[in-house]
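Sequence order for the protein chains is G and L. Following the numbering used here from start to finish, the first sequence increments by one per residue and tops out at 269. Following the numbering used here from start to finish, the second sequence increments by one per residue and tops out at 269.
These are computed hints drawn from the structure, not numbers from a lab. Among these hints, one or two may not hold up.
Which copy is meant is left open, so a pair is good if it fits within one copy or across any two.
Derived DMTMM-like pairs (lysine to aspartate or glutamate); straight-line CA-CA distance at most 25 Å [what the hints assert, rightly or not]:
| id | residue 1 | residue 2 |
| --- | --- | --- |
| 1 | K248 | D230 |
| 2 | K205 | D230 |
| 3 | K68 | D129 |
| 4 | K123 | E89 |
| 5 | K201 | E227 |
| 6 | K68 | D114 |
| 7 | K113 | E71 |
| 8 | K193 | E146 |
| 9 | K113 | D129 |
| 10 | K113 | D247 |
| 11 | K113 | E188 |
| 12 | K248 | D129 |
| 13 | K68 | E234 |
| 14 | K113 | E249 |
| 15 | K201 | D218 |
| 16 | K248 | D105 |
| 17 | K201 | D253 |
| 18 | K201 | E249 |
Quantities reported herein were computed from a predicted structural model and do not represent experimental measurements.
Number of protein chains: 2
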Amino acid sequence: MAKTEKISEAVIRRLPIYLRYLTHLQEMGITTVSSQQMGSTLDVNPAQIRKDLAAFGEFGKKGIGYDVQYLIGKIRHILNIDQELRIAVVGAGHLGHAISNYNDYLRDNMRIVAIFDTDPQKFGEEIAGLKIQPLAELKQTVKTRHIRLGIITVPDFAAQMVADELIDAGIEGILNFAPITLRTDKEVRIDYADLTSSLQSLAYYLN
Amino acid sequence: MAKTEKISEAVIRRLPIYLRYLTHLQEMGITTVSSQQMGSTLDVNPAQIRKDLAAFGEFGKKGIGYDVQYLIGKIRHILNIDQELRIAVVGAGHLGHAISNYNDYLRDNMRIVAIFDTDPQKFGEEIAGLKIQPLAELKQTVKTRHIRLGIITVPDFAAQMVADELIDAGIEGILNFAPITLRTDKEVRIDYADLTSSLQSLAYYLN
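Just need the whole structure built from these sequences, with the hints factored in.
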């Protein structure tokens, strides 16, 4: 399956939602699904679903629908999650704890394999089976454990420093929970998951 | 300022990022900004910024740029955050703690005013100045305190039940951190902030 052209951010945000639904169907032994069924469960317009899936060359068969297993493989490939992706969390506060506990929910070869903090009192403490490491060990750990993604859960004033360290260590993508905009001159993808932005986007849809 | 037509989800996701940047500029006494300056700091194509802002009828002046204060007011209006928006958090685990501590970062009249849990051992415990309340008090509290948004930070198996309670209480928008798709037949906006989806979207941008 060749990668198609650039897919819009909105589609990329919906694909994980389609994937979760399709995976549930597969677990329940369902082999085909129509855009109507998907749309009704996911509260997305079926025409939107057909358009989204067509964007990467996937067309359902009229009257039959999409092949669930094929579509799962296709979406996993588009999202790059048909390979193992190791993740480091920096910041072992409440949010770092909550996220590290999330490992059970992560699917598709994604796994948090290391967590870092700067507070010596936390070093060695265990969260979800991971020992909290000093930030000084980040670079070495990223290299030896082949970590590709970083999650920033430190306070805002420390986030740029942590981002610089992650990028310097060779991290390729960052999910930033700190409420600041990060800067870099390197080719690293930075996504924002901060609460303020999420709530502001949500507020738009209020009456 | 009249509301313009439906703005795309991708634009709605970028507006909070523009807003944060513009607010910083304003705090530093900057009164005008060009799309080039914005794009360079935010790592967004200036043409994209101009297109996004044009979507709600805002055009900068050639050679001068955008009026920072006017643009802030316009974006706040579009996002419905020029009014007070009260928020309830359901789930007082690590994530609920982390989010409630976020109140200091929330701007623009958004405020978490209540937090709920079902564990009697937690009732009365204080997080960021808020006493944890029994879920049974949700409906009453939402009404009397005029709460419009809900944040779900409970485990996946409890999330649908909590969503039903929030919607029944009259909540208009939900930000769901639990890793399941929620269903409702009511006109309520549900946004997803779960980690798996965020990481999967991020993975797309890896090489």
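The hints, checked one at a time:
1. K248 / D230: within (9 Å within a copy, 48 Å between copies)
2. K205 / D230: within (11 Å within a copy, 50 Å between copies)
3. K68 / D129: within (24 Å within a copy, 33 Å between copies)
4. K123 / E89: Within. Shortest intra-copy distance 22 Å satisfies the 25 Å Cα cut-off; inter-copy 56 Å does not.
5. K201 / E227: within (8 Å within a copy, 46 Å between copies)
6. K68 / D114: both (12 Å within a copy, 19 Å between copies)
7. K113 / E71: both (14 Å within a copy, 15 Å between copies)
8. K193 / E146: within (21 Å within a copy, 42 Å between copies)
9. K113 / D129: Close inside one copy (16 Å), not across copies (37 Å); limit 25 Å.
10. K113 / D247: Answer is between: at 24 Å across copies they meet the 25 Å cutoff, but 34 Å inside does not.
11. K113 / E188: Classified as neither; 45 Å inside a copy, 48 Å across copies.
12. K248 / D129: neither (40 Å within a copy, 30 Å between copies)
13. K68 / E234: Answer is within; shortest intra-copy Cα gap is 18 Å, inter-copy 34 Å.
14. K113 / E249: Cα proximity of K113 and E249: across copies only (24 Å, versus 30 Å in one copy).
15. K201 / D218: So K201 and D218 pass the 25 Å test inside one copy only (21 Å; across, 34 Å).
16. K248 / D105: between (38 Å within a copy, 11 Å between copies)
17. K201 / D253: Result: close within a single copy only, 21 Å intra versus 35 Å inter.
18. K201 / E249: Only inside one copy: K201 and E249 sit 18 Å apart there, 48 Å across copies, limit 25 Å.
Comparing the model with each numbered hint stated earlier shows that hints 11 and 12 do not hold.
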